[in-house]
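S.K.: Fit chains B and C to the known structure of chain A by using the hints.
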Amino acid sequence: MKQDKLIALALLMVAFSAVSGLALITVFIFKEGLPIIVKTGPGNFFLSSDWDPSSGNFGIFSMIAGSLAVTLCAMVIGTVFGLGLAIVLGEFCPPGLAAILKPVVELLAGIPSVVYGFVGVVTIVPLIRTYLGGPGLSVLASSIVLGIMVLPTVTSISMDALRAVPRTYWQGSIALGATKWQTTHMVMLKAAKSGIAAAIILGMGRAVGETMAVIMVAGNTLEVPHSILDPVRTLTSNIALEMGYASGQHREALFATGVTLFVIIMILNTIALAMARRGAGEGRTR
Amino acid sequence: MRRVSPRTAQRIVVSIMWLLAAATVGTLVFIIAFILVHGVPHITWEFLTQSPVSMGRKGGIFPMIVGTAMVAGLAVIIAAPIGVATAVYLTEYTRESRITAVIRFGADCLAGIPSIIFGLFGFVFFTITLGMGLSVVSGALTLALMVLPTIVRTSEEAIRAVPYAYREVSYGLGSTRWQMVTRVVLQSALPGICTGIVLSLGRSISETAAVMLTAGSALGLPSSLFDSSRTLALHFYILSREGVSMSNAYATASVLIISILVLNVFAYWLMHKLVRKPR
Amino acid sequence: MTDSAEIRAKVRVRNLTVRFAGKETLRNLSLDIYPNERLAIIGPASSGKTTFLRCLNRLNDLQHTFSHTGEILLDGKDVYDPDVDLARLRRRMGMVYAVPEPLPWTIYENLVFGARLAGIRDKDDLNERVERSLKSAYLWEETKDRLHQPAHNLSGGQQQRLCLARVLALKPEVLLLDEPCSGLDPISTAKIEDALVELTASLSIVLVTNNTKQASRVSDRTAFFLMGELIEVGPTQQIFTTPAHERTDAYITGQFG
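Protein chains in written order, with the numbering used here: chain A, 1 to 286; chain B, 1001 to 1279; chain C, 2001 to 2257.
Take these hints with a grain of salt, some might be off.
With a Cα cut of at most 25 Å, we get these calculated BS3-like pairs of lysine-lysine [stated by the list, open to error]:
1) A/K193 / A/K180
2) C/K2171 / C/K2010
3) C/K2144 / C/K2123
4) B/K1273 / A/K102
5) C/K2144 / A/K2
To be clear, the hints were calculated from the coordinates, so they are not data collected in a lab.
For reference, chain A alone in the conformation it holds in the complex (with noise of 0.2 Å):
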């Protein structure tokens, strides 16, 4: 029995060790990256666009706005792909079929996004440079690119709320004579909302981090973009850029963009979470 207890305290201490690299993270960054945005105002640092490390001017306003532009572009794309892949997958694919689509989306997410990035730079940017002109490198490549990476989280979570809505619901809609379709945009989709909500925000989480593939397809000028097609730097890739000859107030300044990014990235998951809670919620006690 006290061998048992000591077992237990161990397994607790370790089982800590998320929550205390969560704490680490959190404290390291703010440490490092909290100072500069004070020195510089939370006005300058956040609002203006004038980001020039060698005089000391640190604005990411641009950076913001382009992080802002070319997430909500991607996630037009990966929520109609990554919904419309789930619904098919949850209501209308043949079992055979699932079998073969399910791993390709978990192959998807499986894939470096280094590659992802170049195979954007190498087929899309030109495209988008030939057919639609612009540099190509462009908030609609980075979204485009970022879309279908997001693809596979909006998908897999979208599935898991379908697949929590009872299955007493679509016989009773299919009984009552309604159509698959009318079944699934009428009672399915409706009950799984804070699921499929949830699902939305995480890949929004997922594309406003991104990196590797965002740098190689964005651009990264230092503009706030006007249209689809101008090149923009986001928070990330204004990180990896710089990172490696950095030092500094200039490395805090990239510091400083990490808690902005940080910041955006928790408010966007406790959002996710809790809406997770809600749609798991709704599932049960109904």
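M.R.: Using the frame of chain A, we list chains B and C on its own:
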């Protein structure tokens, strides 16, 4: 305008859905085929076994293969026991409480943090504060933290899938909780746990941003865990981005893709082994 | 009751009350189990039979809502005493469940699992236990040539006899059976019943069953449980012919249950 009948609406929507599904499969096939078609012809025995010459313009990728294996392998070796122990604690040693809620919250949040943040953290914590420098260990520790939530979640699912009756049988035959966990539960959950670990290995191999900031980009063969080492994914990024050598870039990407494919197929096989097993 | 009867009892249950999340499942129950006897416990669903059985080897401890008052003495020592070695207690009181649940290993591994847990490593000892327990469970002839095949390949009736043998391999003093034949064919049921009759040469048996005929065939004494209370207990013959309580009679003659 006449309203479309529900049947027609269904037919239209279903066709669109199928198109989306086909497009997704098409995209995956295209990406993989595109890399392999351009890259596989450049993979030779020399390419796999030699060191890069003039920044990777010529020569092979042997040091990167070794570096990737060391960083990703070590990451999983560190993360797997911690992740499985966490899952065991959550499933077998406690009931739902505020403590488990905190642990789950931590794992969920960690899972959502972007790799570049892990990179920043690993850089300031492992390489600078703990003085490990840009090295295999720094990279591995950073990646271990990154894949930890995946291992926790997949292990927890696998453990929960073990029939409750096995636990009662084990207790009934006079096992302590620890014997029950190690000899019955973990043994039955092993394929599922391994699937999670294999997928985490794949993710570690794919990762670029976090290792760039923690393991560095030295071209040489790492002679110890405290040497800097460039991984395959980072090597591919540098080759393609700086336009050093497109053929070597494609070949490196092919090696990367093939290892990911092999790991995924292996994970899939393990998972099926789990499903086929009677109950 | 005389003093000598008290000493003779293998297990003495005194004023046992069991609650799950505050709700009473067993109420003030007292019952003795004698050495080398077969005691059947009958009663309708949710009358507390299984709960009682699982109190004896403390399997109810796994439910965190469980609480109890009263005492259960095994050879005079309360099984709920804080210094009781749970693993040893459960080896002394082996249990067979309603659903046969072989662990996903070979027949042999299933049989030696408990002994190995107890720290027995000696190959001859293990083999001896396997053979003896399989013979006692009437399973030896069917399995002696396939000991190293997966236990899941056995039929349902064979699996349940394997579960019985698995417990017997631990040489228990009391054997607890929770409706062991509820899902089995008549032939397997007959084999298990034959095994039980022979086994009482060396141990006591508590058989929970909702098959009154089985109780009358197998047991020396029968106890009738109803809604968490012990209505009556006595020689099987007497319970089935001249029960003291109306409700016992009504249950046995099939008027409810």
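S.K.: Within 25 Å, alpha carbon to alpha carbon, are C/K2171 and C/K2010?
M.R.: holds (16 Å)
S.K.: Hint check: B/K1273 vs A/K102, CA-CA at most 25 Å. Holds or violated?
M.R.: Holds, because 17 Å separates the two Cα atoms, which is no more than 25 Å.
S.K.: Taking only the CA atoms, is the gap from A/K193 to A/K180 under or equal to 25 Å?
M.R.: holds (18 Å)
S.K.: Below or equal to 25 Å on CA atoms is what counts here, so check C/K2144 against A/K2.
M.R.: violated (41 Å)
S.K.: What's the verdict on C/K2144 and C/K2123, does the C-alpha distance respect the 25 Å limit or exceed it?
M.R.: holds (17 Å)
Going through the hint list in order, the structure does not satisfy hint 5, though it satisfies all others.
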